[in-house]
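**Q** One-letter residues, chain by chain:
Protein chains: 2
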Amino acid sequence: MAREEITVGIIGLGLMGGSSALKLKQQGFANRILGYDINSGHEEEALNLGIIDEIAGIDCICNEASLIVLAIPVNKALLVLPEVMKTLNPNAVVVDLGSTKQKIGELANSFPNSQQFVACHPLAGTENTGPSAAFPELFQDKVNIICDQETSSPNAIEMAINMTHALGMRTKFMNSKEHDRHIAYVSHLSHISSFMLGQTVLEVEKDEENIFDMAGSGFESTVRLAKSSPDMWAPIFTENADNILKVLDTYIKNLNSFRDLIKDGIESELNKSMTETNVIRKVLDRKLTPLTQPVVGR
Amino acid sequence: MAREEITVGIIGLGLMGGSSALKLKQQGFANRILGYDINSGHEEEALNLGIIDEIAGIDCICNEASLIVLAIPVNKALLVLPEVMKTLNPNAVVVDLGSTKQKIGELANSFPNSQQFVACHPLAGTENTGPSAAFPELFQDKVNIICDQETSSPNAIEMAINMTHALGMRTKFMNSKEHDRHIAYVSHLSHISSFMLGQTVLEVEKDEENIFDMAGSGFESTVRLAKSSPDMWAPIFTENADNILKVLDTYIKNLNSFRDLIKDGIESELNKSMTETNVIRKVLDRKLTPLTQPVVGR
Numbered sequence: 049m050a051r052e053e054i055t056v057g058i059i060g061l062g063l064m065g066g067s068s069a070l071k072l073k074q075q076g077f078a079n080r081i082l083g084y085d086i087n088s089g090h091e092e093e094a095l096n097l098g099i100i101d102e103i104a105g106i107d108c109i110c111n112e113a114s115l116i117v118l119a120i121p122v123n124k125a126l127l128v129l130p131e132v133m134k135t136l137n138p139n140a141v142v143v144d145l146g147s148t149k150q151k152i153g154e155l156a157n158s159f160p161n162s163q164q165f166v167a168c169h170p171l172a173g174t175e176n177t178g179p180s181a182a183f184p185e186l187f188q189d190k191v192n193i194i195c196d197q198e199t200s201s202p203n204a205i206e207m208a209i210n211m212t213h214a215l216g217m218r219t220k221f222m223n224s225k226e227h228d229r230h231i232a233y234v235s236h237l238s239h240i241s242s243f244m245l246g247q248t249v250l251e252v253e254k255d256e257e258n259i260f261d262m263a264g265s266g267f268e269s270t271v272r273l274a275k276s277s278p279d280m281w282a283p284i285f286t287e288n289a290d291n292i293l294k295v296l297d298t299y300i301k302n303l304n305s306f307r308d309l310i311k312d313g314i315e316s317e318l319n320k321s322m323t324e325t326n327v328i329r330k331v332l333d334r335k336l337t338p339l340t341q342p343v344v345g346r
Numbered sequence: 049m050a051r052e053e054i055t056v057g058i059i060g061l062g063l064m065g066g067s068s069a070l071k072l073k074q075q076g077f078a079n080r081i082l083g084y085d086i087n088s089g090h091e092e093e094a095l096n097l098g099i100i101d102e103i104a105g106i107d108c109i110c111n112e113a114s115l116i117v118l119a120i121p122v123n124k125a126l127l128v129l130p131e132v133m134k135t136l137n138p139n140a141v142v143v144d145l146g147s148t149k150q151k152i153g154e155l156a157n158s159f160p161n162s163q164q165f166v167a168c169h170p171l172a173g174t175e176n177t178g179p180s181a182a183f184p185e186l187f188q189d190k191v192n193i194i195c196d197q198e199t200s201s202p203n204a205i206e207m208a209i210n211m212t213h214a215l216g217m218r219t220k221f222m223n224s225k226e227h228d229r230h231i232a233y234v235s236h237l238s239h240i241s242s243f244m245l246g247q248t249v250l251e252v253e254k255d256e257e258n259i260f261d262m263a264g265s266g267f268e269s270t271v272r273l274a275k276s277s278p279d280m281w282a283p284i285f286t287e288n289a290d291n292i293l294k295v296l297d298t299y300i301k302n303l304n305s306f307r308d309l310i311k312d313g314i315e316s317e318l319n320k321s322m323t324e325t326n327v328i329r330k331v332l333d334r335k336l337t338p339l340t341q342p343v344v345g346r
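Read top to bottom, the protein sequences are chains A and B.
Using my numbering, the first residue of the first sequence is number 49, and each one after it goes up by one.
Using my numbering, the first residue of the second sequence is number 49, and each one after it goes up by one.
Hints are supplied without guarantee of correctness; some may be wrong.
No copy is singled out in the list; a pair is fine if it fits within one copy or between any two copies.
Lysine-lysine pairs mimicking DSBU-like chemistry, simulated, CA-CA at most 30 Å apart [claimed, not checked]:
id: 1; residue 1: Lys311; residue 2: Lys301
id: 2; residue 1: Lys151; residue 2: Lys330
id: 3; residue 1: Lys254; residue 2: Lys225
id: 4; residue 1: Lys320; residue 2: Lys134
id: 5; residue 1: Lys134; residue 2: Lys294
id: 6; residue 1: Lys225; residue 2: Lys151
id: 7; residue 1: Lys124; residue 2: Lys254
id: 8; residue 1: Lys225; residue 2: Lys134
id: 9; residue 1: Lys311; residue 2: Lys134
id: 10; residue 1: Lys151; residue 2: Lys294
id: 11; residue 1: Lys124; residue 2: Lys311
id: 12; residue 1: Lys330; residue 2: Lys134
id: 13; residue 1: Lys151; residue 2: Lys320
id: 14; residue 1: Lys134; residue 2: Lys254
No lab work stands behind these hints, which were simulated from the structure alone.
No experiment lies behind these values; they were computed from the predicted model shown.
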């Protein structure tokens with residue numbers, strides 16, 4: 049598809065923002081990347097790593113970029129978005145990449161130019177942070193969820209879909225309220241379970257040598273998310289509390305039931321419970337054809 | 049080190065037994081592999097895949113093999129070990145690879161030839177099962193724990209260490225009681241947390257399409273262990289119940305505290321809790337030099 053190369057402004061030069069910048073440049077989607085980060089050390093680092101072409105203020109980005117990507121913690125996005133919406137040039141599109149979508153969508157809708165905003169959630173990440181964690185293949189073959197697309201202009205949605213494609217991702221549309229509920233189940237709970245696993249093992253196992261030596265026995269992969277950034281995750285947990293509490297209470301209830309089966313030594317019931325859960329393999333091991341064309345699903 | 053090639057007998061031709069067979073043959077540690085499995089389909093499969101040279105009965109293995117590897121669920125090992133100890137040829141060594149060590153060690157010690165037995169736990173695995181899951185690099189650079197080495201003969205320990213080296217692993221010695229305690233903390237809890245995560249998400253998220261689409265957001269790695277074999281894990285959980293209940297109760301307590309912080313919206317405390325747990329990165333990211341020589345640690 050023929051497409052004019054554009055200037056992209058990235059606000060937040062961590063894993064998500066930095067990886068977006070690298071991939072959009074590599075794909076020829078952007079010919080110029082402006083970058084801003086509240087941490088000027090990260091701005092310098094992103095420049096030195098070739099992630100961005102120029103360091104720029106938010107005002108300058110809002111004036112010059114055709115696509116502005118907000119890639120900062122969800123509480124910070126709520127503070128920065130008003131500044132962006134107020135100074136945005138009339139042809140620009142703003143996307144945010146945060147893990148909760150209802151609140152930021154409501155905030156965007158309070159501005160007269162709200163149709164220039166598209167709420168996105170690219171389902172990709174690692175446990176690493178900062179510009180040095182960025183790599184262009186982060187998003188490859190993953191899903192980008194676009195929320196409440198009816199509130200954005202067709203042009204803005206087109207830009208968001210083209211960005212999604214340039215990142216190597218599939219597009220999925222979802223209502224933001226539904227998004228926040230489903231993502232609490234699948235992503236937010238995983239992070240809590242992992243953080244608490246790490247906390248528990250650090251609490252009971254005083255010998256770090258043992259943790260290190262024994263980590264290959266399942267702990268390492270299960271605890272990986274406990275390396276994630278607290279600055280990113282604490283605001284997600286409080287913002288999405290209602291949905292998270294529902295699934296977290298179910299998780300604790302299930303742990304208590306399983307605990308009682310272990311205590312009572314009811315091996316057959318333990319086996320039955322785990323056999324039922326083994327179904328997750330079938331759900332996860334579906335094979336997708338690697339993307340060559342953009343796939344838009346609902 | 050010059051070493052006579054030997055006949056190895058593998059009892060249990062799944063992931064652990066099959067991978068041991070492949071690697072010991074590849075390394076020239078074994079020149080002939082005899083295999084037994086209670087599932088004759090697995091025996092045929094292992095033979096066809098070139099994992100074993102011959103299918104053999106337990107009697108034949110006890111008679112002909114210099115090293116006998118028990119690689120079956122821990123409850124089955126307690127049933128099979130007496131048969132092995134009673135028919136063992138006087139120069140053979142038996143190792144078992146199960147995830148709990150105290151009970152099988154006590155059982156071995158009840159036989160007059162108990163010095164021919166070595167309790168091992170190679171800390172390696174995947175969520176896959178059966179002969180087709182086996183691959184020779186499963187153990188590379190991981191740790192093999194040898195328990196209660198003072199109860200085995202020097203010859204038997206030497207054989208177990210040489211096997212460990214041939215598998216590409218480091219050796220660590222540990223008291224079996226301590227082993228069962230530490231492994232409950234680091235490995236068994238991880239499996240429970242993952243199984244219950246899978247159960248919970250299957251319970252609350254009725255739309256499998258959503259699970260699949262959103263799995264890249266942290267769920268996939270955290271739930272990986274929930275694909276593991278119930279036949280292997282149910283007996284581990286009941287056998288090691290005392291140690292598991294202690295750490296599982298701490299885990300549930302921590303989840304409840306974190307839940308309350310989310311409910312009350314205390315973002316600073318959530319941040320503090322996660323920042324403390326981030327220490328796990330430092331513990332896990334220690335770098336080891338890949339093995340070229342056997343390393344024996346205590």
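**Q** I'd like to know which numbered hints this structure contradicts. Please list them from smallest to largest.
**A** 2, 4, 5, 7, 9, 12, 14
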